[in-house]
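S.K.: The lines below spell out each chain.
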Amino acid sequence: DVKVTQSSRYLVKRTGEKVFLECVQDMDHENMFWYRQDPGLGLRLIYFSYDVKMKEKGDIPEGYSVSREKKERFSLILESASTNQTSMYLCATLQLQGMRGYTFGSGTRLTVV
Amino acid sequence: AQSVTQLGSHVSVSEGALVLLRCNYSSSVPPYLFWYVQYPNQGLQLLLKYTTGATLVKGINGFEAEFKKSETSFHLTKPSAHMSDAAEYFCAVSPSGNTGKLIFGQGTTLQVKP
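In the order they appear, the protein sequences are chains L and Y. Going left to right, the first sequence walks through residues 1 to 113 as my numbering numbers them. Going left to right, the second sequence walks through residues 1001 to 1114 as my numbering numbers them.
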C-alpha cells in the first residue's frame, strides 16, 4: 500500500514564525496536494504539484508557499504564521494512471498562538 | 466551475437503520466522483469512486453509491448502520482528464445511536 507520511501530528507555533510542514510518499506518485480542513468548510486546496519543481496554486494559496525538490517530498511553508492559519493540514498523493483516487496522510494539526 | 454540495452537516441514525448521505455536484464535463471517510484523528480513506461504466458503485464496508446524471447526484447508502460507521464523510468531484485536483463537499458527520 502507498504510504503518505506527514512529519508532525501536532504543532504549536507562534504568530510570525516560519513554519514547515513536510510530506513524504513512498510510491513514486506524480501528483501531490496540500489541503487544509476546517469544520463546515470541508477540504480546501492550497497548492498542488504534478512534477518535481512544478507547483500550481489551489483555491486558497495566500500566506503559503510550497517546495518540491524531490519527487517523494512536498513541503508546505507558512512564511509568517498567523492565527487564522490554525487548522488541520492534509497531504495527499495521486497516481494518475487508473485514477485510483487520493491517498492521504494522517494530517498535521497546527495551532498558531 | 465545479462544486459539491452535501446536504446535511450532521446525520444521526440508529444502529441497523439505513444510512443515506446526500451529495449533489455541478460540473461542466463528465465528472469523476468519490466518497471518502475520515475517522477521528485520521486522514481520509477512499470508500468508493465512479469514473465510467456502471452507475451503481460498491465500496468498502458495505457502502454503495449511485451516479445519477439527470439529478447530478451521487448519494451514499448503506442498508444497515453499524456503530463503527460513525465518522465524517466527504463527497468529492474531479472533472475527467485534469491533473487530479479534487473539489470536496463540506462534509457530513454520521452519528450512529445504539
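Hints in this document: simulated from the structure, not taken from any laboratory. Keep in mind that the hints are not guaranteed to be accurate.
Below 30 Å or equal to it, Euclidean Cα-Cα: the simulated DSS-like pairs (lysine-lysine) are [unchecked claim]:
hint	chain 1	residue 1	chain 2	residue 2
1	Y	Lys-1068	Y	Lys-1049
2	Y	Lys-1068	L	Lys-55
3	Y	Lys-1058	L	Lys-3
4	L	Lys-13	L	Lys-3
5	L	Lys-70	L	Lys-3
6	Y	Lys-1068	L	Lys-13
7	Y	Lys-1101	L	Lys-18
8	Y	Lys-1101	L	Lys-70
9	Y	Lys-1068	L	Lys-53
10	L	Lys-57	L	Lys-18
11	L	Lys-71	Y	Lys-1101
12	L	Lys-57	Y	Lys-1058
13	L	Lys-18	L	Lys-55
S.K.: So, for every hint listed, does it hold in this structure?
M.R.: Going down the list of hints, with the structure as the test:
1. Lys-1068/Y - Lys-1049/Y: holds (14 Å)
2. Lys-1068/Y - Lys-55/L: Not OK: Lys-1068/Y and Lys-55/L at ~34 Å, beyond 30 Å, violated.
3. Lys-1058/Y - Lys-3/L: holds (24 Å)
4. Lys-13/L - Lys-3/L: Distance ~27 Å between Lys-13/L and Lys-3/L Cα, so the pair holds.
5. Lys-70/L - Lys-3/L: holds (16 Å)
6. Lys-1068/Y - Lys-13/L: Violated, at roughly 46 Å.
7. Lys-1101/Y - Lys-18/L: holds (27 Å)
8. Lys-1101/Y - Lys-70/L: The given pair, whose Cα atoms are some 20 Å apart, holds under the 30 Å limit.
9. Lys-1068/Y - Lys-53/L: violated (39 Å)
10. Lys-57/L - Lys-18/L: With Cα atoms ~19 Å apart, Lys-57/L and Lys-18/L stay inside 30 Å; holds.
11. Lys-71/L - Lys-1101/Y: Distance of about 18 Å is within 30 Å: holds.
12. Lys-57/L - Lys-1058/Y: violated (33 Å)
13. Lys-18/L - Lys-55/L: holds (20 Å)
Taken one by one, the earlier hints fail for this structure at numbers 2, 6, 9, 12, listed in ascending order.
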